[in-house]
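2 protein chains.
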Amino acid sequence: MMQTPLTMTQMIKRAEKFFPKKQVISRTSKGIVRLTYKEIAERTRRLADSLQKLGVERGDKVGTLAWNTHRHLEAYLAIPCSGAVIHTINIRLAPQHISYIINHAEDKILLIDADLIPLIERCKDELTSVKAFVIMTDEDELPETSLSPVYHYEQLIASGSNDYEYPDDIDENEPAGMCYTSATTGNPKGVVYTHRSNVLHSMALGMADSIGLSEKDIAMAIVPMFHANAWGLPFAGVWFGTTLVMPGPYFTPKILAELIEEEKVTFSAGVPTIWLGLLKELEEKEYDISSLRAVLCGGSAAPKFVIRAFEQKYNIPFMHGYGMTETSPLVVVSTLKSYQEELSYEERLNLRAKQGILVPGLEIKIIGQNGEVAWDGKEMGELLIRGPWIASEYYKDERTADAFQDGWLYTGDVVTIDKEGFLNIVDRTKDLIKSGGEWISSIDLENALMAHEAVFEAAVVAVPHEQWQERPIACVVLKENKQVTKEELLEFLAPQFAKWWLPDDILFMDEIPKTSVGKFLKRALRDQVQDELQKN
Amino acid sequence: MMQTPLTMTQMIKRAEKFFPKKQVISRTSKGIVRLTYKEIAERTRRLADSLQKLGVERGDKVGTLAWNTHRHLEAYLAIPCSGAVIHTINIRLAPQHISYIINHAEDKILLIDADLIPLIERCKDELTSVKAFVIMTDEDELPETSLSPVYHYEQLIASGSNDYEYPDDIDENEPAGMCYTSATTGNPKGVVYTHRSNVLHSMALGMADSIGLSEKDIAMAIVPMFHANAWGLPFAGVWFGTTLVMPGPYFTPKILAELIEEEKVTFSAGVPTIWLGLLKELEEKEYDISSLRAVLCGGSAAPKFVIRAFEQKYNIPFMHGYGMTETSPLVVVSTLKSYQEELSYEERLNLRAKQGILVPGLEIKIIGQNGEVAWDGKEMGELLIRGPWIASEYYKDERTADAFQDGWLYTGDVVTIDKEGFLNIVDRTKDLIKSGGEWISSIDLENALMAHEAVFEAAVVAVPHEQWQERPIACVVLKENKQVTKEELLEFLAPQFAKWWLPDDILFMDEIPKTSVGKFLKRALRDQVQDELQKN
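Read top to bottom, the protein sequences are chains A and B.
Residue numbers for the first sequence follow the numbering used here, so the first one is 11 and each next one is one higher.
Residue numbers for the second sequence follow the numbering used here, so the first one is 11 and each next one is one higher.
Just to be clear, a hint being listed does not mean it is correct.
As the list claims (entries may be wrong) - One-sided excerpt, in silico: chain A residues whose CB lies under 8 Å from chain B: (1) Ser224; (2) Glu225; (3) Ile367.
None of these hints come from the bench; they were simulated from the model.
We put the CB at the ideal spot given by N, CA and C, even for glycine.
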């Protein structure tokens with residue numbers, strides 16, 4: 011067989027040749043911009059040429075600080091296809107982390123959305139590798155900035171050559187992209203994607219048994235492009251000629267609802283907060299979202315009432331997925347099996363509420379207290395993953411040794427797997443409560459609490475305990491104008507859990523500390539809870 | 011990223027772990043046999059173990075002469091997954107070609123369906139590498155045979171160990187399978203598939219924009235498993251947990267119709283003859299074939315009336331595909347683009363009648379008389395293909411140099427490509443009629459003739475011509491009890507073609523010589539036509 015490498019240049023080439031009329035729809039500060047793949051392909055070539063003229067060489071890192079726009083998409087293609095490496099920077103990181111990862115990755119050039127310039131101005135004196143700044147702006151003129159030297163993105167597009175040709179000698183194992191993921195302690199850790207991993211992951215997204223992304227889709231990339239490749243939608247979408255909708259900066263649920271209605275979006279993916287927000291918006295105003303053939307939810311588990319609302323009120327299949335920066339990210343999807351479609355709605359809902367089944371191409375192993383766990387949906391163990399789109403290390407980072415062992419990624423996620431092979435995320439290993447030699451899932455308790463009509467948010471953490479080693483304490487934020495007592499909540503939980511699972515205490519709070527990606531910051535919460543308990 | 015190899019062991023492992031209850035339905039001489047993937051996986055391990063005990067080592071070739079059955083499927087998995095190479099032998103080859111390819115591949119063991127034993131008995135004295143024969147029979151006892159030593163397949167399954175483990179050090183570029191393709195002259199030419207090519211090709215089959223094969227499908231593998239991996243359905247089907255229907259030996263249109271109705275087949279693939287036969291059967295008796303979500307047609311182009319019948323009478327989308335033994339085989343599929351779905355039925359029919367659009371992962375180039383052809387649906391050129399599931403050579407064969415040049419496969423097929431990227435096979439380069447410096451497509455004339463209600467079959471060949479170099483002559487077989495004159499047929503063709511395209515003569519025949527796979531044998535026909543013309 012031919013040794014044709016799995017490289018990403020084929021993606022934009024296929025879009026240009028076979029789908030030149032298909033569009034990328036991008037929300038900018040000047041309104042909606044529509045570009046055909048013919049135009050995107052040309053602009054991408056011109057950008058690649060201009061970056062090369064600015065000194066970007068094979069293997070160089072080019073950082074982006076940007077929202078989901080057509081320009082960011084062009085950078086997504088131009089940088090790897092020209093043999094460089096796109097480093098997507100999480101704009102929500104703390105300033106010292108932003109400068110750390112730019113220096114650690116040795117970014118040579120930064121592409122920055124105009125409104126995000128302050129993030130870099132703030133740390134520009136710490137940057138050790140950056141030679142130039144390219145400003146992605148909708149205005150004709152460059153904004154005032156203390157950064158230097160600065161270039162205007164659109165001028166680089168104009169001056170780049172349309173005759174530029176992507177190198178044809180890229181090896182499929184060459185790096186194509188980088189993304190840093192927050193660590194519990196210390197600096198973010200870098201993951202390097204290769205051409206091969208991005209191509210295979212895109213094929214996986216196109217498979218009917220995962221999400222079946224297709225030319226027929228109008229896919230909205232809600233997940234930020236600085237989070238695990240926006241879950242791979244931009245790469246796969248371009249390759250398949252999918253119409254891509256880029257919602258741009260500072261979008262609100264209202265903007266998303268309008269985009270779905272006006273652009274007839276068929277598929278989108280996002281974290282539970284997105285879908286919760288959209289549901290709220292839909293309750294306030296009527297939108298036609300019937301074009302959606304499915305939505306995918308990941309990042310953390312969506313409460314069942316959200317799944318139920320999408321499916322029963324709006325008739326839109328709500329799929330769970332699971333993945334992480336280290337896994338490109340797609341690992342499992344809650345696509346039901348043929349014979350599961352015949353189950354009752356409640357049974358199907360219970361399956362959909364799990365993270366789902368392994369996509370073809372990967373392997374998993376679940377290691378509990380006594381080796382591999384039983385497939386009974388009960389025994390808990392840490393999820394290990396292996397496969398061609400799973401990272402094998404953190405970039406130049408000693409913490410590699412913790413997460414990558416014997417060829418497997420140790421995810422740090424505690425899961426169960428049922429007899430049908432459906433994974434359910436139970437907890438993070440570090441958030442699991444070890445009580446009397448048994449494990450208690452903080453997430454299960456949180457979900458049960460959040461199902462109470464008075465509860466807005468709930469987080470459960472472990473506190474040290476003399477006899478039981480650890481015991482669970484629940485922290486609860488109530489909805490506005492709602493009241494409930496500790497006793498009522500414990501009574502509410504009692505029928506759902508073994509007695510020893512029930513929290514030893516419930517603390518009412520105004521808010522729960524969260525990470526930049528909206529997940530509970532359990533470390534901070536644990537400290538806060540202990541302070542609180544000592545006060546009492 | 012992890013360097014996890016793309017090997018085929020993951021296919022059967024995934025089926026066993028995630029889809030143990032799903033079935034393979036196999037038609038045998040004793041009726042329908044149903045095996046779960048749990049059983050198939052166990053039998054496959056046992057077979058692999060027994061073959062190893064019979065002396066099969068890493069890289070050894072194991073030949074199969076067999077119909078599409080569960081046993082052939084087990085061999086499809088056990089042989090490559092244990093590190094050996096499955097060589098599927100075309101049972102319709104001439105005896106001297108069968109012995110040639112067995113010797114050329116150096117098959118160490120042959121797995122033979124009981125009723126096909128005579129094919130090997132006939133040439134057993136010529137075989138130079140075969141050490142043992144395994145008979146796949148539905149009977150408890152081995153049949154009488156002059157072959158030796160012989161083993162009973164089911165006894166090997168019984169004696170093999172279920173604790174056998176597939177090697178975990180297979181490189182993705184190791185050979186996994188072999189298939190020989192007939193040559194115009196001389197011996198058949200061998201194509202070697204690798205683990206990588208089979209895995210990537212299977213992913214391509216699962217993609218929504220190709221055929222979207224899925225766990226939800228009940229797929230019937232009509233294409234013989236000795237033809238280009240039965241177009242890849244067995245591998246992909248096992249991987250995805252698809253219910254597979256294996257129609258077994260000597261099936262008829264009636265048997266296929268019954269299987270579709272009884273097993274609720276959702277997808278199948280075959281050559282035009284299969285679909286013509288099925289249509290005829292459906293006209294004679296009523297069957298419920300509404301479970302079919304689509305059928306795929308390849309090998310050669312189906313006449314439009316067949317497509318129309320499936321779509322309009324039975325409401326089943328009829329997809330064309332194109333590929334060859336050298337291409338694993340999937341290259342293009344006539345999946346319509348989103349905006350093409352809005353065309354009129356006749357326009358869509360015209361697109362469906364073409365071979366279709368390139369699947370993601372491959373590259374094509376079409377070289378005409380003046381370099382790359384225009385995408386105008388008119389200019390003809392030879393199709394060149396490149397990609398990770400395209401052969402790079404013929405196995406130990408000097409003819410490699412003719413077909414593989416500069417990293418491209420020269421298909422020998424003449425095509426046009428329209429502005430939407432839809433390929434249309436016009437002819438074989440060698441069957442094209444070169445008249446006065448222009449090209450005439452024999453296939454276009456044949457299709458037009460076969461659209462006449464009195465014509466059963468038509469083949470058009472070139473005869474040498476003093477002035478024009480070559481001129482077309484049509485050979486026509488009429489339907490029973492139908493009459494039409496040469497003049498009437500020419501009049502029928504006239505409005506559809508330029509005048510110089512019209513055949514110089516039309517010869518009426520009783521039958522047209524065909525190859526073992528049912529394609530017109532144009533070389534023999536040309537000789538016959540010249541004899542005929544000289545007689546007149």
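Quick rundown of the hints versus the structure:
At a threshold of 8 Å, the smallest CB-CB gap from Ser224(A) to chain B is about 4 Å, leaving the interface hint in force. Hint status for Glu225(A): holds, given a least beta-carbon distance of 5 Å to chain B, under 8 Å. The interface hint given for Ile367(A) is met, as the beta carbon of that residue sits about 6 Å from the closest beta carbon of chain B, less than 8 Å.
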